[in-house]
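These protein sequences, in sequence, are chains A and B.
Per our numbering, the first sequence starts with residue 1, numbered consecutively.
Per our numbering, the second sequence starts with residue 1001, numbered consecutively.
Do not rely on the hints blindly, as some may be mistaken.
What the hints assert, rightly or not - Lysine-lysine pairs mimicking DSSO-like chemistry, simulated, CA-CA at most 27 Å apart:
{"no.": "1", "chain 1": "A", "residue 1": "Lys59", "chain 2": "A", "residue 2": "Lys191"}
{"no.": "2", "chain 1": "B", "residue 1": "Lys1129", "chain 2": "A", "residue 2": "Lys2"}
{"no.": "3", "chain 1": "A", "residue 1": "Lys156", "chain 2": "A", "residue 2": "Lys321"}
{"no.": "4", "chain 1": "B", "residue 1": "Lys1222", "chain 2": "B", "residue 2": "Lys1271"}
{"no.": "5", "chain 1": "A", "residue 1": "Lys59", "chain 2": "A", "residue 2": "Lys38"}
{"no.": "6", "chain 1": "A", "residue 1": "Lys38", "chain 2": "A", "residue 2": "Lys2"}
{"no.": "7", "chain 1": "B", "residue 1": "Lys1222", "chain 2": "A", "residue 2": "Lys38"}
{"no.": "8", "chain 1": "A", "residue 1": "Lys38", "chain 2": "B", "residue 2": "Lys1104"}
{"no.": "9", "chain 1": "B", "residue 1": "Lys1222", "chain 2": "B", "residue 2": "Lys1104"}
{"no.": "10", "chain 1": "B", "residue 1": "Lys1104", "chain 2": "B", "residue 2": "Lys1129"}
{"no.": "11", "chain 1": "A", "residue 1": "Lys59", "chain 2": "B", "residue 2": "Lys1222"}
Stated by the list, open to error - Per the computed footprint, the stretches of chain B lying under chain A, defined by three or more beta-carbons under 8 Å from a beta-carbon of chain A, are:
{"no.": "12", "region": "1131 to 1141"}
{"no.": "13", "region": "1207 to 1221"}
{"no.": "14", "region": "1239 to 1251"}
{"no.": "15", "region": "1261 to 1269"}
Since the hints were derived computationally from the structure, they do not count as laboratory data.
Given the structure is predicted, the values throughout are model-derived calculations rather than measurements.
Just so it is clear, CB atoms sit at the ideal spot from N, CA and C, and this is done for glycine as well.
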Amino acid sequence: MKSFAYRRVSSNAQAIEAARGQGASFLAGGTNLVDLMKYRVEQPASLIDINHLALAEIKPAEGGGVLIGALARNSDVANHLLVRTGYPLLSQALLSGASPQLRNMASTGGNLMQRTRCYYFTDVAFSACNKRNPGSGCAAIEGYNRIHAILGQTDKGTTSGETCIAVHPSDMCVALAALGAKVEVEGQSGKRTIPFSEFHRLPGSDPSRDTTLREGELITAVRLPPARFANNAFYLKARDRNSYAFALISVAAGLEMEGATIRSAGLAMGGVAHKPWRVPEAEQALAGKTASEANFAHGADILLRGAHGYQHNRFKIELAKQGVIRALTLAAQGTSEVA
Amino acid sequence: MSSHINKPAPAEPAAEASKPLKDNLGQHACQSRCSEAPCHGLQAQLDVEPSEEFEQLERHGLLSEISRRRFIQASSALAASIAFGMPSEAAAQETMQTGSVTLKINGQPQTLSLDPRTSLLDALREHMKLTGTKKGCDHGQCGACTVLIDGRRVNSCLTLAFAAEGAEITTIEGLARTSDPQTIEELSSVQAAFLIQDGYQCGYCTPGQIISATATIAEQQKGELSIVSWHSGQHHRPELTDEEIRERMSGNICRCGAYPNIVAAVRAAAKGATL
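Given the sequences, and given the hints that come with them, work out the whole structure.
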């Protein structure tokens, strides 16, 4: 691990001020950052320990919904009564990820900032990685790309400085995308709120950037809109082993039902793209329809439009389609209420 | 080199070599071994520009202790004779700068002088001689390093010692009912259950398993959920079924495969039927 200066801060203002320094990183749970520092993928010059900021609260938001502090730990969010009762999709997604130990450490803000688990990104022995080493090419596209993207990727060949087929590894973020959450941030130029769909980005021509967060901005909270899918939600995760593994594909499906008719839907996929994959048109196509396999398949087709696989991950396209149908079917069957 | 007992049983070279990608365990073993003092000098040289061949061998677990030492000697000689040159600015930044940190372990505060890079795990093992907590993967994947921080189980390998200042840390050494247990009655109920149910083979992962099992039982008693609770429709107050135990203990890997007896131990401890 490369040397760094450690500093503990006690206010948002202090944290933001400290982040002005070159190569500064915020340290929350550290489950991803410290790991990547050991691999020398991340080499911050200074670590600003934000764990003692007053950002861990989970509370009802003004005007409905729930406000989740950026330092609320994954296990606390998953078990909070407001989340269990109003947002089972989020609780299920969180509990599908990592291990109990890691969920006790990992923060909400840190989960948003997770880096990809692409092998070629996390292993510095591979020189070609446009995300880690901009302009160096992509070793994954002609490598072992089983866990990689099928949607929204940039594919200009292995030597192009723009190519990237990495996926965002979070489960939590897939649920937040389907729920239509918002991210609240604070920086040098004040506070702003970022719609979830605009927080993470596709690789485009710059795979080194995962998010639209500006230099030195601090995530302070995630805002959930008023609950729509409390009674009909399912998070489906397909992976190589049944626990403690990243998704090959995952689906967050929430339905607002009126009898057998879908009033509105929230739908997003994980493990398929550089960001949680949500296509509003697929959700709109479900609204007003009956909860039937044919309608679910139609929604899945829209969600997967333009999917393109590689040598080792072509199976994901059909797996994702079937996963969407299955998740919507289980969501329609109902999440029994938490007493 | 006493800390060589810190690492798990050597991986089978053939099996390791046939895997195209990283394994969950045993990777980058060099980093864990190099935390020992006598190795620092060598690491400092190697860290400038680690030989790709060396890294590859390390990654595939193909270096035995002896061949590894020879390799390091050879690399160092080679490095001196050819292309490494003067240490770069980046290498200069590797110099250790220590700071003072007070950690409260099993109720006892201890002030240490540490490099900020030191993990809580290394602080425990290398600076406080609390070697009950084990280093397996050093990347948060195996759970051998599990400790309780303010009563919650965490991976001490991914926790920086500095970040743990001010917290109550409980390690396997602090779990028993007495400070120097001589009989099974003096152990914690979970420790006793692991003994009675034979919940281990080589024992390397056991301290982490026991800490994790202790937390598993506490979490269930508080009504916390797992994904199994949701999938089995038990998301009000889940019972600790075997399926729940397996899911809740999934952050602790046992390469001996003592899982059936580990599940039995957790089940027994949860029922308070250990003695």
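Going down the list of hints, with the structure as the test:
no. : hint                     : result
1   : A:Lys59 with A:Lys191    : 20 Å, holds
2   : B:Lys1129 with A:Lys2    : 25 Å, holds
3   : A:Lys156 with A:Lys321   : 26 Å, holds
4   : B:Lys1222 with B:Lys1271 : 15 Å, holds
5   : A:Lys59 with A:Lys38     : 35 Å, violated
6   : A:Lys38 with A:Lys2      : 8 Å, holds
7   : B:Lys1222 with A:Lys38   : 35 Å, violated
8   : A:Lys38 with B:Lys1104   : 25 Å, holds
9   : B:Lys1222 with B:Lys1104 : 25 Å, holds
10  : B:Lys1104 with B:Lys1129 : 14 Å, holds
11  : A:Lys59 with B:Lys1222   : 20 Å, holds
12  : 1131 to 1141             : holds (count 3)
13  : 1207 to 1221             : holds (count 4)
14  : 1239 to 1251             : holds (count 5)
15  : 1261 to 1269             : violated (count 0)
Of the hints listed earlier, those the structure fails to meet are numbers 5, 7 and 15, in rising order.
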